[in-house]
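Trainee: From just these sequences and the hints, can you work out the full model?
Same order as they appear, the protein sequences are chains L and E. Just so you know, the UniProt record's numbering puts 174 at position 174 of the first sequence, and the rest follows in order with no gaps. Just so you know, the UniProt record's numbering puts 208 at position 208 of the second sequence, and the rest follows in order with no gaps.
Hints in this document: simulated from the structure, not taken from any laboratory. It cannot be assumed that every hint is accurate.
Repeated chains share a single entry, so a pair holds when one copy, or any two copies, can fit it.
Straight-line distance between alpha carbons at most 20 Å, and here's what the computed SDA-like set of lysine to any residue pairs gives [unchecked claim]:
#	residue 1	residue 2
1	K53	P28
2	K128	D155
3	K119	K211
4	K223	R24
5	K295	E281
6	K149	D42
7	K119	P28
8	K295	S252
9	K295	P244
10	K211	F137
Since the model is a prediction, treat every value here as computed from it, not as a measurement.
2 protein chains.
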Amino acid sequence: MASLEKPVVSFLGPIASYSHQAVRQVFPESSWELRPAATIDDVFDQVQFGEVKAGVVPIENSTNGSVVFTLDNLADRNGRYKDITVDGEIFVDVHHCLVGHRNPTPTLTDPRPSKPRSKPLASLRHIKRLYSHPQAFGQCNAFISTYLKGVEIFDVSSTSKAAEIVSQDTTGTWAAISSELAANLMHGLDMLARSIEDRDDNTTRFLIIGKNTTVPKDWNLVKHAEGKTGTRTLISFTVPHTSPGALAEVLSGFKSYNLNLTSINSRPSLLAPFQYIFFIEFEGNKYDDPDGRVKGALDNIDRVAQSWRLLGSWERYR
Amino acid sequence: MASLEKPVVSFLGPIASYSHQAVRQVFPESSWELRPAATIDDVFDQVQFGEVKAGVVPIENSTNGSVVFTLDNLADRNGRYKDITVDGEIFVDVHHCLVGHRNPTPTLTDPRPSKPRSKPLASLRHIKRLYSHPQAFGQCNAFISTYLKGVEIFDVSSTSKAAEIVSQDTTGTWAAISSELAANLMHGLDMLARSIEDRDDNTTRFLIIGKNTTVPKDWNLVKHAEGKTGTRTLISFTVPHTSPGALAEVLSGFKSYNLNLTSINSRPSLLAPFQYIFFIEFEGNKYDDPDGRVKGALDNIDRVAQSWRLLGSWERYR
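Mentor: Spelled out as structure tokens, the structure:
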């Protein structure tokens, strides 16, 4: 009997990355193969060129803001990703921990008053180097500036990679900021502090991308227990720079059709300096638009924008 | 006779940084002392706390986009910079070069077809490490992926720092991406390639910040030869998340008053996840507004926004 091959969903790896956690939240491993990719570009490539059926990439963090690598691929300035659509989103609560090796000398509690939300579980005075992803450093400013002042910072490609590097440290003076999951996958790391992120509502939002599709029913994704909470549509557009007022004209269309804008981003168009590709997200679903408001706003954009693209509409479960 | 102390303008250092080039373009050294600061935060601090009269910080690059560290200080979530105003802007053409040490073995021309705009001046096969600022790496993708594939990348805090590190290399296998000015300040570096940036219109825009002021006439800045080319106003605002449509309402006000929006940015508000502080720049000058259009748009924002702030109005010379 031939076994059925499962469809594949690609995510920004490595194993135990926050993207991996995102995928595990909604893609059941009983019906999907979860495959790590080395870069965000690789996830887009694999979806566009049909090697995988879906991809999951980070789009923004509630503390740090947008992930420009994902925006730049959605901007698709060279037409490489012309069939990519955005078909859903996933929210992951992000908790970082500090891992390394405990100092064998007696532990002293740190005397400094703590502005950070959490305290070390062990003395950190022996720590000389700190490894993590730049986004994680940006989310743990208070802890680092209180307990790890003067420690040398090393940017690496992922928090999992940071934990891996520190697991191979023989000096006992290196530490990593990573997820607890990633830390647990490595041998011989001590937990030095938990939940060291600045804010307890630190959340990363991921997008599910596919190819020329809204997520079909047969994708069998895990829905949030509380059910559908709304709809979102994402578009990108450019405006003619010879037409003053075009940007305000595009934006005022959303008011005319009573559509709630939920986010705006811009990236360089790379056509001329200081011209932009804009990204707008709003409440509404192109594929479920009984009163034609989404259609109205998109028709307005089509009239005013120099170029535009519907990147996707999806149902929000959160 | 007492010598007059010059007013000080602070910039993101070190010496020979692109910010330094920006300051030198418009602040005459005959009447200003130019002082490097270690970080963008330090520039804001020195202006707010009266240690210097003006500051110059990068706000966006035409290839890489916004500088979030500057936006976050302008967002001023903790009220630390309540008196800071934006009083002008400076554009700097950014050309990067590759410096290091020539390989003493015979030079071979590289056989790969060149997508990048420029070719190496010497063989690069001996290069094992590449140092620069992350923004510079982002501006030289084509050159790096063609001529320096597989070389280990090291992020450092400035392109000047990168040149300094490589000037101390004894292996002859390290290289730095920096400005020609910064490279020339270091001893013993060979020029390995010039103008390696992806785009020949690569430009960084800087903001001039002051304290509760528009640039007064007595600042004596150097104006561009072609004279004034326009005016800009920068505001920040948040919208009540309980009021759907508030963002569209704010934005549509610019259309009502026929004001051309020139850029939009957003950063996390850090009040709740996925709520934002928006930044809008538009053509117009609050201090030279005979027909009241700027006043009209700002009154509209005052009515609709949850909070907002006029960061500044200035004349553009470019």
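Trainee: Each hint: holds or not?
Mentor: Status of the hints after comparison with the structure:
no. : hint         : result
1   : K53 to P28   : within (14 Å within a copy, 59 Å between copies)
2   : K128 to D155 : both (14 Å within a copy, 18 Å between copies)
3   : K119 to K211 : neither (46 Å within a copy, 38 Å between copies)
4   : K223 to R24  : within (12 Å within a copy, 57 Å between copies)
5   : K295 to E281 : within (14 Å within a copy, 29 Å between copies)
6   : K149 to D42  : between (36 Å within a copy, 17 Å between copies)
7   : K119 to P28  : neither (36 Å within a copy, 50 Å between copies)
8   : K295 to S252 : both (15 Å within a copy, 19 Å between copies)
9   : K295 to P244 : between (24 Å within a copy, 19 Å between copies)
10  : K211 to F137 : neither (34 Å within a copy, 31 Å between copies)
Of the numbered hints given earlier, the model fails hints 3, 7, 10; all others are met.
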